[in-house]
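> Take a look at the letters that make up each chain.
Number of protein chains: 2
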Amino acid sequence: MDRKKNISMAVIKRIPKYYRYLKELAENDVDRISSNELSEKIGFTASQIRQDLNCFGDFGQQGYGYNVKELLAQISSILGLDKEYNTIIIGAGNIGQAIANYTYFQRMSFDLKAIFDINPKLIGLRIRDVSIEDIDNLESFIKNNEVDIAIICVPKERAQGVCDIITSSGIKAIWNFAPVDLKVPNDVIVENVHLSESLMTLSYLLNESKITE
Amino acid sequence: MDRKKNISMAVIKRIPKYYRYLKELAENDVDRISSNELSEKIGFTASQIRQDLNCFGDFGQQGYGYNVKELLAQISSILGLDKEYNTIIIGAGNIGQAIANYTYFQRMSFDLKAIFDINPKLIGLRIRDVSIEDIDNLESFIKNNEVDIAIICVPKERAQGVCDIITSSGIKAIWNFAPVDLKVPNDVIVENVHLSESLMTLSYLLNESKITE
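For the record, the sequence lines run as chains A and B.
Residue 191 in UniProt numbering sits at position 191 of the first sequence, with consecutive numbering throughout.
Residue 138 in UniProt numbering sits at position 138 of the second sequence, with consecutive numbering throughout.
Hints were generated in silico from the structure; no laboratory data involved.
Treat the numbers as computed from the prediction; the structure is a model and nothing was measured.
Take these hints with a grain of salt, some might be off.
Pairs of lysine-lysine, DSSO-like flavour, derived with a Cα cap of 30 Å [to be verified]: (1) B:183 <-> A:17; (2) A:23 <-> B:83; (3) A:156 <-> A:183; (4) B:156 <-> A:113; (5) A:13 <-> B:69.
All chains should be built: construct the whole structure from the sequences, respecting the hints.
Here you go:
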């Protein structure tokens, strides 16, 4: 595949949305779709769609449109969804438990291997088939198992400490739910889900719309 | 306050981050900070910071920097955090329960008034002090109570239906956790938290970094 480098973060952030819409089309047995039809569904312009997909290779055919299943397969591969990822969750509080219980991720090839917590009351319990282990075992677990992604769900005060342990143990990808900006080595990827910032954006927009009414 | 209009979404998305850092500074009794010092902490350039804050008014003083408490108060007000918001959660599954249990939002002036679910086993239970009610009562609850923000945590198949009910009952702001793009009237604000898209972005970046290694 002619995959081009230096793809902007803006494009990268749109790709999962293509995946979501194409998956729905495939589930509804749609065989092919033009960039105009896709545009109507997804809300990006047709030219935006053609440009985005061009970043990743030569999809689509003039006058025919996109073959849905083929494009879906290629976008899955671009997103790395054709592989399996071993994940661990650190922090079995509200968010950690919700993520652990969310079977959608499991179906999407993210395989939860262990959950870690500091709370003795939680250690030994199981969420689905996965046991909650003592956070003291975190380092040795990472060293003895192949872990691709660590999901940080600890309170903000503990997040950087946990981050230091896991990155020095070899973790290269972090999905971070703690409301802090983690300091990581250059070769470690962090994707943040900052819920409180999202909620503040909403309250900002709500107020702004009232002011301009 | 000289608040300017047409502020870009990129700026708006950065404001909660300023709030988070300024709050930490205030909690650590820091009285004032220069844009250069703030830049080191927050990771935006000093000129970016000055430019961002200028969108909202005339903060800071040449040679003195920003008065932390004053700037924090003004940013709180810009974000609408000096007001109270009545919220409801629709969907008491994993994510809905996690949000309901997350007391941080309560402290941040988002007041959870009710939770709705379709599952008879959940109806009547309480999360913290808030009871889970029958989703059949959703419409009348919104009409009889002042609800500012609805938090949608139902499965994707039900999300648009719930959205239609709440917007036609008068809801103007939605925090949406369902993995769909909701269709709403023009005067309704939607802020999405698409967890699976975030996870896909991470797996994309992880693969990209392996490819370019």
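> Hints first: check each against the structure and report whether it holds.
Right, here's what the structure says about each hint:
1. B:183 <-> A:17: 15 Å, holds
2. A:23 <-> B:83: 41 Å, violated
3. A:156 <-> A:183: Holds, at about 13 Å.
4. B:156 <-> A:113: Holds: residue 156 (chain B) and residue 113 (chain A) sit about 26 Å apart, inside 30 Å.
5. A:13 <-> B:69: Distance ~35 Å between residue 13 (chain A) and residue 69 (chain B) Cα, so the pair is violated.
Checked against the numbered hints above, the structure violates hints 2 and 5; every other hint is satisfied.
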